[in-house]
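Number of protein chains: 2
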Amino acid sequence: MDKRALYSLSYGVFMLSTRVGDVVNGCITNTCMQVANNPTRVAIAAINANYTCELIKKSGVFALSMLDETCTFETIRHFGFQSGRDVDKFADIQLPVDKNNIPYLGWQTCAVISCRVVDSMDLGSHTLFVAEVEDGQVLSGKNPLTYADYQSRVKPKPEKKQEDKKIIGWRCKICKYYYEGSQLPEDFTCPLCGHGPEDFEPVYEA
Amino acid sequence: MDKRALYSLSYGVFMLSTRVGDVVNGCITNTCMQVANNPTRVAIAAINANYTCELIKKSGVFALSMLDETCTFETIRHFGFQSGRDVDKFADIQLPVDKNNIPYLGWQTCAVISCRVVDSMDLGSHTLFVAEVEDGQVLSGKNPLTYADYQSRVKPKPEKKQEDKKIIGWRCKICKYYYEGSQLPEDFTCPLCGHGPEDFEPVYEA
Chain A
1 MDKRALYSLS YGVFMLSTRV GDVVNGCITN TCMQVANNPT RVAIAAINAN
51 YTCELIKKSG VFALSMLDET CTFETIRHFG FQSGRDVDKF ADIQLPVDKN
101 NIPYLGWQTC AVISCRVVDS MDLGSHTLFV AEVEDGQVLS GKNPLTYADY
151 QSRVKPKPEK KQEDKKIIGW RCKICKYYYE GSQLPEDFTC PLCGHGPEDF
201 EPVYEA
Chain B
1 MDKRALYSLS YGVFMLSTRV GDVVNGCITN TCMQVANNPT RVAIAAINAN
51 YTCELIKKSG VFALSMLDET CTFETIRHFG FQSGRDVDKF ADIQLPVDKN
101 NIPYLGWQTC AVISCRVVDS MDLGSHTLFV AEVEDGQVLS GKNPLTYADY
151 QSRVKPKPEK KQEDKKIIGW RCKICKYYYE GSQLPEDFTC PLCGHGPEDF
201 EPVYEA
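Here the protein sequences come in this chain order: A and B. Going by the numbering used here, the residue at position 143 of the first sequence is 143; the numbering climbs one at a time, nothing skipped. Going by the numbering used here, the residue at position 96 of the second sequence is 96; the numbering climbs one at a time, nothing skipped.
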């Protein structure tokens, strides 16, 4: 099987947020699709190891901010490249809240939906949530950011290979997980965030 | 709730096909996303009223041809704008088959995956299938066709309004369902194919 076939699936890029009591958290995700009409329902897949997934299982509600083409890498990094278990990503920013009192992005975002989980399926690495869309708001007329556009334009380019130095390990650009060894296995999946070899960068000897 | 918020979700465009014995059918769909790693799983949503959905419930297997940017409206129309209950869409064309003997598109397609259903959820209008990806093949290096690109570039533009004539009904451009009346309700959903008002065109008095 050529796993690259899956790279041709098209996705958006979203900030997925939730609240349990006073605890608020959010992460960056690329999986959401409408799966039913009357009532309108969407499905999202969240990584089980992620704090946001853990919180959605408790709260049963989430907001999905649909990032637009003006979204910067700093926004993605803030919400996507650190864990809410280590830092409060919502501490020093003022955000609007939806009908469930969940903060959503009021900038670099073309639309937001408020969702209530009606069913879920544990798939090992991820949980698939099916949720009813309780509210929706268009924030701007800008085009949504696609995952392909994020990969080719927004994400920083990898540093040039330092050909005179030896590779001693690989670091996940998404969650900073460190793999020790000169050769990253081709089918490697980051044990923390689930990303593949294309999201790892080499670490060279000093 | 502003349902237009959902228009900012990004999708690809696919030809979804299956086989039950000698019966082969396929349709055009825009919903597929990867939802798990190890094993690799995807989720698709299929309209319950559609023949392909009925057949996948029986076969438990499907192929998903990921259409690319060279895909023409004729291909979309052939597989998407008629029902396999009325015509055999695969009668006069020669197609390659996947490991489950299901035909997939060998042209205007950048990749194909072969999937086996492991779970499903009936959501009223649609069934959500979760499937293990058993095989995958990259067919070309072309960019996948996105649903936004299909809407803005591939799909024919609506005819100019005939201002001197009265509108007597509305026809669904997807499945040809006819709605009698001068005004199509804003939240109307086609009872046959599930599409909204943006996919209806006016029918004028003779």
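Just so you know, the hints here were simulated from the structure itself, not pulled from any lab data. A couple of the hints might just be wrong.
No distinction is drawn between identical chains; accordingly, a pair holds when it is met within one copy or between any pair of copies.
[As the list claims (entries may be wrong)] In silico EDC-like pairs for lysine to aspartate or glutamate, Cα to Cα no more than 20 Å straight-line:
hint	residue 1	residue 2
1	LYS3	ASP135
2	LYS165	GLU205
3	LYS58	GLU205
4	LYS142	ASP2
5	LYS3	GLU132
6	LYS166	GLU180
7	LYS3	GLU198
8	LYS157	GLU69
9	LYS176	ASP2
10	LYS165	ASP86
11	LYS57	GLU74
12	LYS173	GLU54
13	LYS173	ASP199
14	LYS166	ASP92
15	LYS57	ASP2
16	LYS176	GLU205
17	LYS57	ASP92
18	LYS173	GLU201
19	LYS3	GLU134
20	LYS99	ASP2
21	LYS58	ASP122
22	LYS99	GLU74
23	LYS157	GLU201
Only a predicted model underlies this, so the values are computations on that prediction, with no experimental measurement involved.
Can you give me the call for LYS173 and GLU54, within, between, both or neither, at a CA distance of at most 20 Å? neither (22 Å within a copy, 43 Å between copies)
When Cα atoms must be at most 20 Å apart, do LYS142 and ASP2 count as within-copy, between-copy, both, or neither? Classified as between; 16 Å across copies, 35 Å inside a copy.
Is the C-alpha distance from LYS58 to GLU205 at most 20 Å within one copy, between copies, in both cases, or in neither? neither (44 Å within a copy, 56 Å between copies)
Could you figure out if LYS3 and ASP135 sit no more than 20 Å apart (CA to CA) within one copy, between two copies, both or neither? Classified as between; 8 Å across copies, 36 Å inside a copy.
Treating 20 Å as the Cα threshold, decide for LYS3 and GLU134: within, between, both or neither. Between copies only: 10 Å across chains, 36 Å inside a chain, cut-off 20 Å.
Between copies, within a copy, both or neither: which fits LYS3 and GLU132 at Cα up to 20 Å? between (32 Å within a copy, 12 Å between copies)
Alpha-carbon proximity between LYS166 and ASP92, which holds within one copy, between copies, both or neither at 20 Å: neither (41 Å within a copy, 58 Å between copies)
State whether the alpha carbon distance between LYS165 and ASP86 is at most 20 Å within one copy, between copies, both, or neither. neither (33 Å within a copy, 65 Å between copies)
At most 20 Å between C-alpha atoms: does LYS99 with ASP2 qualify within a copy, between copies, both, or neither? between (43 Å within a copy, 14 Å between copies)
As a check of your reading, is LYS3 near GLU198 (CA-CA no more than 20 Å) within one copy, between copies, both or neither? within (12 Å within a copy, 36 Å between copies)
Measure nothing new, just compare the shortest in-copy and cross-copy C-alpha distances for LYS157 and GLU69 to 20 Å and report within, between, both or neither. within (18 Å within a copy, 25 Å between copies)
Identical-chain pair category, LYS157 with GLU201, by Cα at 20 Å: For LYS157 and GLU201, only the intra-copy Cα distance (10 Å) is at most 20 Å; the inter-copy one is 45 Å.
Against the hints set out earlier in the document, violations occur for numbers 3, 9, 10, 11, 12, 14, 15, 17 and 22.
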